[in-house]
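> Chain by chain, the residues run as shown.
Number of protein chains: 2
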Amino acid sequence: MKATGIIVEYNPFHNGHLLHLQEARKRTKADVIIAVMSGSFLQRGEPALLPKWERAQMAIDAGVDLIVELPFSFATQQAAIFANGAVEILDALGVQSLFFGSENGDAQTFSKVAKLITEQSAQFKAIIRRFLDNKTNSYASAWHAAINELAPDLTLDLAQPNNILGFHYTLAVIEQKKRIEIATMPRQSAAYHEQKPTHQSIASATSIRSMLLANDWKSVRQYVPGTTLTILQEYRETHSFITWQDFWPLLKYQLVITPTKQLQNIRGISEGIENRLQQAGIRATNFDEFLKHATTKRYSDSRIKRTSLQVLAKQTSPKENYIRLLGMSAIGQQYLRQVKKDITLPLISTASKASPTLLNNDIRATKLYSLAPTLENQFLRDFHTPPYRKKP
Amino acid sequence: MKATGIIVEYNPFHNGHLLHLQEARKRTKADVIIAVMSGSFLQRGEPALLPKWERAQMAIDAGVDLIVELPFSFATQQAAIFANGAVEILDALGVQSLFFGSENGDAQTFSKVAKLITEQSAQFKAIIRRFLDNKTNSYASAWHAAINELAPDLTLDLAQPNNILGFHYTLAVIEQKKRIEIATMPRQSAAYHEQKPTHQSIASATSIRSMLLANDWKSVRQYVPGTTLTILQEYRETHSFITWQDFWPLLKYQLVITPTKQLQNIRGISEGIENRLQQAGIRATNFDEFLKHATTKRYSDSRIKRTSLQVLAKQTSPKENYIRLLGMSAIGQQYLRQVKKDITLPLISTASKASPTLLNNDIRATKLYSLAPTLENQFLRDFHTPPYRKKP
Chain A
1 MKATGIIVEY NPFHNGHLLH LQEARKRTKA DVIIAVMSGS FLQRGEPALL PKWERAQMAI
61 DAGVDLIVEL PFSFATQQAA IFANGAVEIL DALGVQSLFF GSENGDAQTF SKVAKLITEQ
121 SAQFKAIIRR FLDNKTNSYA SAWHAAINEL APDLTLDLAQ PNNILGFHYT LAVIEQKKRI
181 EIATMPRQSA AYHEQKPTHQ SIASATSIRS MLLANDWKSV RQYVPGTTLT ILQEYRETHS
241 FITWQDFWPL LKYQLVITPT KQLQNIRGIS EGIENRLQQA GIRATNFDEF LKHATTKRYS
301 DSRIKRTSLQ VLAKQTSPKE NYIRLLGMSA IGQQYLRQVK KDITLPLIST ASKASPTLLN
361 NDIRATKLYS LAPTLENQFL RDFHTPPYRK KP
Chain B
1 MKATGIIVEY NPFHNGHLLH LQEARKRTKA DVIIAVMSGS FLQRGEPALL PKWERAQMAI
61 DAGVDLIVEL PFSFATQQAA IFANGAVEIL DALGVQSLFF GSENGDAQTF SKVAKLITEQ
121 SAQFKAIIRR FLDNKTNSYA SAWHAAINEL APDLTLDLAQ PNNILGFHYT LAVIEQKKRI
181 EIATMPRQSA AYHEQKPTHQ SIASATSIRS MLLANDWKSV RQYVPGTTLT ILQEYRETHS
241 FITWQDFWPL LKYQLVITPT KQLQNIRGIS EGIENRLQQA GIRATNFDEF LKHATTKRYS
301 DSRIKRTSLQ VLAKQTSPKE NYIRLLGMSA IGQQYLRQVK KDITLPLIST ASKASPTLLN
361 NDIRATKLYS LAPTLENQFL RDFHTPPYRK KP
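Just so you know, the protein sequences line up as chains A and B, in that order.
Each residue of the first sequence is one higher than the one before, counting from 1 in UniProt numbering.
Each residue of the second sequence is one higher than the one before, counting from 1 in UniProt numbering.
Hints are not guaranteed to be accurate.
Since the list can't tell identical chains apart, any single copy or any two copies may satisfy a pair.
Said to hold, decoys possible - Derived pair list, reagent style DSBU-like, types lysine-lysine, alpha-carbon separation capped at 35 Å:
#1 Lys353 x Lys292
#2 Lys297 x Lys125
#3 Lys115 x Lys292
#4 Lys135 x Lys353
#5 Lys340 x Lys297
#6 Lys177 x Lys218
#7 Lys390 x Lys115
#8 Lys29 x Lys125
#9 Lys115 x Lys261
#10 Lys26 x Lys115
#11 Lys177 x Lys353
Derived from the structure by calculation, the hints contain no laboratory data.
Hey, can you work out the whole structure from these sequences and the hints?
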């Protein structure tokens, strides 16, 4: 069976994702689609709107064959680390292709740029350093500028969020020397950050989240598959959607009570960002205010959120990678049986049976997520829930 | 001028305290009454119902001449440490007498028992250890039993809360070799833990707190001086009273997210109590539930609350003592000028001008207290507030 990997957050799963999924299957002639998904917390340093179990079910019900969790240590980090973790998992699961949506839409361009950077790594790093010496540059803008300087004729605009991710996926495949084919399609409609939908059936996840938080189900219904809608509605009947605001009192407490020296041991804390976070924490009375106080040109919104999340989750050191199974279709299950003996990373079906040392960081992240008031009764859910199976 | 010291919490100041204050002045023939008061958090491991500034004002308005804060490191500890810190401060301020209320009411008995224990210290400790080997005994009950065994003819009932405190004050005076005279009066009416008042004008602080939390001002008015009532009412117009419930989400978070090994570094954590706290923290959905789950015969309610407070405030090591001035009358001010040059501990009038190293633990405690939602706008109050002076 031919497997194709996709890297997702599904926050929540919508029509754009469905299109991406169908195209992945068609364009790479895949028998099996394997998705690696962020768990409770996402790459932009935010909590997911609803738990990973509901999101995994959306994916399987909409046609994904196998969905596994990207561990917290990778999922909540900058694009390079995020991509490295996800590619490692997909390769361990034996995918032949990696498919992603991008503003650029041309796989060749991604491969060329990634190869160039790998070959001229020292030179590239020197350019990055030079750009970062200008204190107003963020990491992302330094990368962008460095690539433009090194390969001015390769038109890959790394200011575009999906190009950045796709580029890092490609780079991870090359750096890890994986034999995975890169495939991409141009993204349809709906710019990433757009708050308002621009197309009849496709809207960005950001705008769908706004609709959900505003309880505007009439609009939501237009942009998500029926399977997603059902899961969202069932969830919302008994729970609220989760946002940073749920964790703001805890973040403020942690920033206020932790000695600055202790903050310096936390992953992602460097260059005095800890002082910035603490000062903003003391001044602010809600999370949006905090972000406004803490963000600068150099420290993007995402950087502040990611670092705050590490502070909140008391993350200190990255852990080894592993495969946490969240859900599967009949075909996914069949595929898993077939490749099981060749899987090169630990495979975990139920957390309560796995090594606590391995899961340490994710157990902490799960506990943290469960502190959102609406999840009060789900504290141990993550330890005992078996992977979701599609009803036949 | 002759100064007498009293050791108080004033949570809040009531008619019983007024009586105690008047008797202290009369019976010890004092020109100046100096009170050492717990700050934001109290000896039983609880937050004070309202900030120390309001409580200091109550004291000065009712006739105390000088009120200083007992630092967090002493104020929130078991009776022996609490007493040691307070006696050290009173002695540094030059008091000739120490006056307290007690169920026993006879200063001679306190002195005799304290001397006996000091003289037979090794023997006493051996008895304590023996009682503690029985895992169902608490520290308090082991002390009580040990004293009964060593001095069966001295009728000092250390199961009584005010006897325990008075005994530790006396012991601290003897152990620190201070030249301070001990004086006590029998406590009037209102048993310490009583929820319902038993006397026409005197009720326990516990029952007055219940009335305040129930907004029962008609009852409150009967049991507190007019000066206290005004301060309480003014405070309540713009704020809520503060309880453990305000800090419960933060405690739960800290218990859930902190690795057990890290909890073991916190002051007061021993004998595996950290596991008990974490398990209770995961199960409970509010502070009362948590207490119910965590408390045993060996780990009293107060022990659990005190330890939880250390976890919450991230206290690791005790600091040296100092005198933080909270308020003074004209006479108090005059007295302070007179003794200033002889004071043997650092004297702090405004926190923002003091050494942060010295104040470290109390700054953290103040920040923690200010995280109570109702105090949102008071975050920096403690750093800039000058001592309260009685309006002439």
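> With reference to the structure, classify each hint as holding or not holding.
For each hint, the structure was consulted:
1. Lys353 x Lys292: Answer is between; shortest inter-copy Cα gap is 30 Å, intra-copy 43 Å.
2. Lys297 x Lys125: Within one copy, since 21 Å is at most 35 Å while 63 Å is not.
3. Lys115 x Lys292: neither (38 Å within a copy, 62 Å between copies)
4. Lys135 x Lys353: between (47 Å within a copy, 34 Å between copies)
5. Lys340 x Lys297: Neither: 47 Å inside a copy, 52 Å across copies.
6. Lys177 x Lys218: neither (47 Å within a copy, 79 Å between copies)
7. Lys390 x Lys115: neither (40 Å within a copy, 77 Å between copies)
8. Lys29 x Lys125: Classified as neither: same-chain Cα gap 37 Å, cross-chain 80 Å, threshold 35 Å.
9. Lys115 x Lys261: Answer is neither: 40 Å inside a copy and 45 Å across each miss the 35 Å cutoff.
10. Lys26 x Lys115: For lysine 26 and lysine 115, the Cα distance is within 35 Å only inside one copy (27 Å; across copies 90 Å).
11. Lys177 x Lys353: within (32 Å within a copy, 60 Å between copies)
Violated hints for the displayed structure, listed by number in ascending order: 3, 5, 6, 7, 8, 9.
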